[in-house]
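Visitor: Chains A and B, in that order, are what the protein sequence lines are.
To convert, note that position 116 of the first sequence is 116 in the working numbering; the numbers rise steadily by one, no gaps.
To convert, note that position 175 of the second sequence is 175 in the working numbering; the numbers rise steadily by one, no gaps.
Just so you know, not all the hints are guaranteed correct.
If chains are identical, the list can't say which one is meant, so a pair holds when it fits in one copy or spans any two.
[Unchecked claim] Cut-off 25 Å, straight-line C-alpha distance, at most; resulting in silico cross-link-like pairs (DSS-like, lysine-lysine):
hint, residue 1, residue 2
1, 152, 8
2, 2, 79
3, 118, 152
4, 67, 195
5, 7, 241
6, 194, 120
No lab work stands behind these hints, which were simulated from the structure alone.
Given the structure is predicted, the values throughout are model-derived calculations rather than measurements.
There are 2 protein chains.
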Amino acid sequence: MKSSSEKKKVEVCSSPLLFDLYDSSDSIVVVIDVLRATSSICVAFEHGAEKIIPVAGVEETRAYKEKGFVIAAERDGEKLDGFDLGNSPFGFMGDTVKGKSIAISTTNGTQAIHVAGKSKQVVIGSFLNLDVLCEWLVRQESNVLCLCSGWKNRFNLEDTLLAGAIVQRLKNSDAYHSHCDSAIAAEHLYQLAKKDLFGFLENSSHRRRLKKLHIERDIEYCLTPNQAPVIPVLQGGVLVKLIEVFS
Amino acid sequence: MKSSSEKKKVEVCSSPLLFDLYDSSDSIVVVIDVLRATSSICVAFEHGAEKIIPVAGVEETRAYKEKGFVIAAERDGEKLDGFDLGNSPFGFMGDTVKGKSIAISTTNGTQAIHVAGKSKQVVIGSFLNLDVLCEWLVRQESNVLCLCSGWKNRFNLEDTLLAGAIVQRLKNSDAYHSHCDSAIAAEHLYQLAKKDLFGFLENSSHRRRLKKLHIERDIEYCLTPNQAPVIPVLQGGVLVKLIEVFS
Numbered sequence: 001m002k003s004s005s006e007k008k009k010v011e012v013c014s015s016p017l018l019f020d021l022y023d024s025s026d027s028i029v030v031v032i033d034v035l036r037a038t039s040s041i042c043v044a045f046e047h048g049a050e051k052i053i054p055v056a057g058v059e060e061t062r063a064y065k066e067k068g069f070v071i072a073a074e075r076d077g078e079k080l081d082g083f084d085l086g087n088s089p090f091g092f093m094g095d096t097v098k099g100k101s102i103a104i105s106t107t108n109g110t111q112a113i114h115v116a117g118k119s120k121q122v123v124i125g126s127f128l129n130l131d132v133l134c135e136w137l138v139r140q141e142s143n144v145l146c147l148c149s150g151w152k153n154r155f156n157l158e159d160t161l162l163a164g165a166i167v168q169r170l171k172n173s174d175a176y177h178s179h180c181d182s183a184i185a186a187e188h189l190y191q192l193a194k195k196d197l198f199g200f201l202e203n204s205s206h207r208r209r210l211k212k213l214h215i216e217r218d219i220e221y222c223l224t225p226n227q228a229p230v231i232p233v234l235q236g237g238v239l240v241k242l243i244e245v246f247s
Numbered sequence: 001m002k003s004s005s006e007k008k009k010v011e012v013c014s015s016p017l018l019f020d021l022y023d024s025s026d027s028i029v030v031v032i033d034v035l036r037a038t039s040s041i042c043v044a045f046e047h048g049a050e051k052i053i054p055v056a057g058v059e060e061t062r063a064y065k066e067k068g069f070v071i072a073a074e075r076d077g078e079k080l081d082g083f084d085l086g087n088s089p090f091g092f093m094g095d096t097v098k099g100k101s102i103a104i105s106t107t108n109g110t111q112a113i114h115v116a117g118k119s120k121q122v123v124i125g126s127f128l129n130l131d132v133l134c135e136w137l138v139r140q141e142s143n144v145l146c147l148c149s150g151w152k153n154r155f156n157l158e159d160t161l162l163a164g165a166i167v168q169r170l171k172n173s174d175a176y177h178s179h180c181d182s183a184i185a186a187e188h189l190y191q192l193a194k195k196d197l198f199g200f201l202e203n204s205s206h207r208r209r210l211k212k213l214h215i216e217r218d219i220e221y222c223l224t225p226n227q228a229p230v231i232p233v234l235q236g237g238v239l240v241k242l243i244e245v246f247s
């Protein structure tokens with residue numbers, strides 16, 4: 001067992017509005033938007049997307065169409081008119097994305113990626129890449145800050161559960177410790193929920209919101225771990241798939 | 001059982017920085033700073049304080065001395081030089097406060113009271129006035145928003161636990177419902193912690209911080225429900241003890 005002072009630190013920030021309270025200059029920031037932006041981004045890379053540009057504004061995203069990009073935009077859970085894709089992970093599969101460049105703008109997730117941009121390194125987290133991401137984090141020499149996108153800057157439950165899953169895995173590795181209250185809370189909540197994530201979220205605000213849109217299938221998929229074992233990483237404002245070279 | 005649409009709403013805001021995301025114009029805001037500002041404020045009124053002015057700045061607080069006030073100031077857990085009191089609930093007892101006017105400035109709690117000032121009504125919550133506060137809230141016609149002071153605008157665990165206790169009591173009354181993710185999370189955490197709040201907080205950031213100051217006795221006291229059954233309410237920027245008149 002390592003002593004506390006030898007371990008790296010893992011923290012959780014529950015809203016992009018609180019991000020500046022954390023020192024991320026020496027941290028890897030894991031951006032989380034379980035329903036559904038960061039899940040869909042992982043799916044796209046698993047299905048062979050070449051790069052993904054997270055874009056803040058809708059019109060700015062639309063302009064990428066002329067440059068040959070697949071364009072994706074969602075607001076308040078729904079695909080916007082005139083775009084190739086919305087925010088459903090099932091859209092980001094197969095020939096639609098294989099070898100393609102994608103520009104994407106969503107209500108919460110892409111905003112959070114922009115907020116995180118100033119940190120040492122930004123990677124994308126979802127239940128879909130949970131194990132491969134945590135195994136990679138354990139091998140890095142950096143502290144980790146999980147940034148939950150939330151819903152319009154409010155705390156949300158599903159992002160917190162994934163943060164808790166990451167905290168639990170990193171602490172179990174003996175390489176990380178945490179005295180961050182958000183991380184402690186997230187780990188407790190994940191421990192309560194992990195046997196039935198879908199059931200646990202039954203009354204959550206976002207699941208109620210998405211229920212009206214009949215996308216329960218999306219939610220079940222986004223809560224099922226390890227279906228897209230890739231690590232999307234931000235390089236110069238563009239997400240690419242991390243390829244590790246072991247010599 | 002009332003239907004959901006007949007019930008009032010209870011929400012939880014986990015940081016003063018997120019307060020503007022909530023519509024509090026029609027809500028009673030319960031300001032929470034368990035360790036220790038809102039606990040000490042309840043104790044002061046239980047011991048006969050006449051009024052308490054929450055003040056943002058230290059020098060501004062000091063100026064109240066000339067006006068005959070008892071002055072209290074704490075930063076980072078410690079009493080500041082030249083003040084009558086810090087932030088320990090044991091200071092706010094007996095003749096020190098009986099019949100007195102107090103001006104107080106603390107790291108987190110008094111700032112949160114100022115942030116909440118624009119809402120319909122502001123009351124002070126702590127474990128020390130938990131039951132009397134919840135019984136009163138149930139009889140009001142307003143939605144409730146619990147505002148956790150946190151630690152320098154970050155999420156903290158002890159304030160969240162009290163928010164969870166309030167959410168649980170209000171929902172159990174059948175007068176309130178909640179679909180706020182922060183409230184759902186807070187209630188789960190309180191349910192986990194309630195048999196041993198002190199033990200649950202063992203690794204929390206604030207308890208670790210205060211441990212260095214040797215004030216474990218303060219913490220145990222602040223976590224023991226219903227020792228100061230009063231309801232401090234903000235009126236024109238001044239906290240007074242709510243006196244209900246039943247005709």
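Visitor: All the hints need checking, so say for each whether the structure fits it.
Guide: Evaluation of the provided hints:
no.: 1; hint: 152 <-> 8; result: between (30 Å within a copy, 23 Å between copies)
no.: 2; hint: 2 <-> 79; result: neither (48 Å within a copy, 36 Å between copies)
no.: 3; hint: 118 <-> 152; result: both (20 Å within a copy, 21 Å between copies)
no.: 4; hint: 67 <-> 195; result: neither (45 Å within a copy, 60 Å between copies)
no.: 5; hint: 7 <-> 241; result: neither (27 Å within a copy, 48 Å between copies)
no.: 6; hint: 194 <-> 120; result: neither (30 Å within a copy, 39 Å between copies)
Checked against the numbered hints above, the structure breaks hints 2, 4, 5, 6 and satisfies the rest.
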